[in-house]
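Protein chains: 2
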Amino acid sequence: MNENILGIIAGVLTSISMIPQLIKVIKEKNVDDISLVMLLVLISGLSLWVWYGFKKDELPIILSNAFAVLVNISLLVSYMIYKK
Amino acid sequence: MNENILGIIAGVLTSISMIPQLIKVIKEKNVDDISLVMLLVLISGLSLWVWYGFKKDELPIILSNAFAVLVNISLLVSYMIYKK
Numbered sequence: 001m002n003e004n005i006l007g008i009i010a011g012v013l014t015s016i017s018m019i020p021q022l023i024k025v026i027k028e029k030n031v032d033d034i035s036l037v038m039l040l041v042l043i044s045g046l047s048l049w050v051w052y053g054f055k056k057d058e059l060p061i062i063l064s065n066a067f068a069v070l071v072n073i074s075l076l077v078s079y080m081i082y083k084k
Numbered sequence: 001m002n003e004n005i006l007g008i009i010a011g012v013l014t015s016i017s018m019i020p021q022l023i024k025v026i027k028e029k030n031v032d033d034i035s036l037v038m039l040l041v042l043i044s045g046l047s048l049w050v051w052y053g054f055k056k057d058e059l060p061i062i063l064s065n066a067f068a069v070l071v072n073i074s075l076l077v078s079y080m081i082y083k084k
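Chains as they are written, first to last, in full-length UniProt numbering: chain V, 1 to 84; chain H, 1 to 84.
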């Protein structure tokens with residue numbers, strides 16, 4: 001498989017993976033079983049991947065991680081709202 | 001910053017991010033708020049990133065995603081055990 005297509009498919013999957021989690025949280029308004037440390041470490045790491053993508057000039061890495069940062073920041077905001 | 005060091009730091013952060021989630025699940029034996037679809041899509045995507053890493057011959061991508069696959073498979077096994 002062409003490596004750019006592979007990177008784009010991989011990127012789409014890892015980017016959208018947190019969307020079902022976000023939908024579940026918004027629907028159930030419950031975040032008790034979700035780890036805040038996980039979210040914070042993940043957002044930091046994904047942001048560094050965006051930076052890495054710019055340095056290597058690799059669009060699949062930049063786009064997928066930038067999108068994943070947005071989804072996880074939404075999850076973090078939901079966490080703050082729904083955490084008892 | 002050197003791009004390989006940047007990639008390694010980014011990789012370490014995204015790889016270890018699910019460890020606090022795994023510890024939380026094992027301690028509390030509760031996975032009700034975790035999305036199974038998220039886990040399945042994430043494991044598929046991370047596996048493709050490993051493949052991408054091999055094609056591009058980029059060690060930070062291979063190592064961090066392979067480790068993340070392992071952590072998320074552990075989380076999936078925990079999910080199967082603790083899901084009511």
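In case anyone wonders, no lab produced these hints; they're calculated from the structure.
Values in this document were obtained by computation on a predicted structure and should not be read as measured data.
Among the hints, a few may not be true.
Said to hold, decoys possible - Some chain H residues well away from chain V (every beta-carbon gap over 12 Å; in silico):
# : residue
1 : Val12
2 : Leu39
3 : Ile43
4 : Ile73
5 : Met80
Claimed, not checked - Where chain V lies over chain H, by a calculated footprint (3+ residues, C-beta under 8 Å):
# : stretch
6 : 18-31
7 : 44-56
We put the beta carbon where it would ideally sit given N, CA and C, even for glycine.
Tested hints:
| no. | hint | in the structure |
| --- | --- | --- |
| 1 | Val12 | violated, 8 Å |
| 2 | Leu39 | violated, 8 Å |
| 3 | Ile43 | violated, 9 Å |
| 4 | Ile73 | holds, 14 Å |
| 5 | Met80 | holds, 15 Å |
| 6 | 18-31 | holds (count 10) |
| 7 | 44-56 | holds (count 9) |
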